Amino acid sequence: MGGFVGGWVALVGGGPGRADLITVRGLRLLRIADVVVVDRLAPRELLAETRPGSEIVDAGKAPHGHNLTQDEINAVIVDRASRGLGVVRLKGGDPFVFGRGGEEALACAAAGLPCEIVPGVTSAVAVPALAGIPVTHRGVTQDVTIVSGHVDPSHPGSTVDWDALATGPGTIVVLMGVTALAGVSRELLKRGRPADTPSAVIHAGGTPDETVVVGPLSEIATRAAEAHIASPAVIVVGEVVALRDRLLDGHLAARTALAAHTHPHRH
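My numbering applies: residue 114 is where the sequence shown begins, and numbers increase by one.
It cannot be assumed that every hint is accurate.
[What the hints assert, rightly or not] Label-pair distances were calculated between CB atoms; the ranges are:
| hint | residue 1 | residue 2 | range |
| --- | --- | --- | --- |
| 1 | Gly215 | Asp309 | 31 to 39 Å |
| 2 | Glu185 | His263 | 52 to 60 Å |
| 3 | Gly305 | Glu168 | 46 to 54 Å |
| 4 | His268 | Pro165 | 41 to 49 Å |
| 5 | Glu185 | Asp274 | 29 to 37 Å |
| 6 | Asp192 | Gly296 | 38 to 46 Å |
| 7 | Gly270 | Gly215 | 15 to 23 Å |
| 8 | Asp309 | Ala223 | 45 to 53 Å |
Don't read these hints as lab results, they were simulated from the structure.
Bear in mind that the values here come from a model prediction, so they are computed numbers and not experimental data.
From the three backbone atoms N, C-alpha and C, an ideal C-beta is built for every residue, glycine too.
Please put together the full structure from these sequences, using the hints given.
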């Protein structure tokens, strides 16, 4: 941490689920941390990289069943760093993409603690890519919008411009939207998105449990329910989904061939 003497905090994005997709910087800090505060969706295999004797705090944050509230997480981070310890807050994806990393960074700032942000590979882009879906593609779409499905589109607290999303040609990526998938699909259709728009729901992207369901927007919620798709999952709506059939075979073949040579290991 730049030679800083005393406590420090690093908000580390662990990537989309595979342990070997964390950044080099994130892995280095994880290996020297005194305390690791870990989320449910962070790659748990990475905990094997922590140094002997380090404290592991399981923040949990499962849907509707948090181990710790956000205020409690902030308090743990501030408490440990204030004692002079090095704290890594290990999160899934990227800390600043629906990860509440901004709140944790503000808590550190209020306590006068040094806090480094270590970007991670966000699942909004990586999970579709690992499933053979590019979120942008020349001649198909030049824009992609990432939205949270945590708030139902019909809820007055939703800040998403669903009219713009429905009528535009861009790719829509929805995170935390499995339970709201029927509502999201219905809202997009009602506001003008064509019923035959290619769509996909990807569960546990990039892991051995990966499940991908594809279909037209008008049917995707039903197909996902029939396949018992659960969180964590990423929803993709847009013409780029149609590229999957052409890209997938080569992508999976390469991933299988290289897998034996790319597992993370200690140095």
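Now for the hints, and whether the structure bears them out:
Take Gly215 and Asp309: their Cβ atoms lie about 38 Å apart, and the range 31 to 39 Å holds. At about 20 Å, the beta-carbon gap between Glu185 and His263 misses the expected band of 52 to 60 Å. Look at Gly305 against Glu168: about 52 Å separates their beta carbons, and that is inside 46 to 54 Å. Separated by about 47 Å at the C-beta atoms, His268 and Pro165 satisfy the suggested range of 41 to 49 Å.
Remark: the range hint 29 to 37 Å for Glu185 to Asp274 is upheld by a beta-carbon distance near 33 Å. Between Asp192 and Gly296 the CB atoms are about 39 Å apart, so this pair conforms to the stated range of 38 to 46 Å. Evaluation of the 15 to 23 Å hint for Gly270 and Gly215 yields a pass: the beta carbon distance comes to about 18 Å. In this structure the hint that Asp309 and Ala223 lie 45 to 53 Å apart at CB holds, the actual value being about 50 Å.
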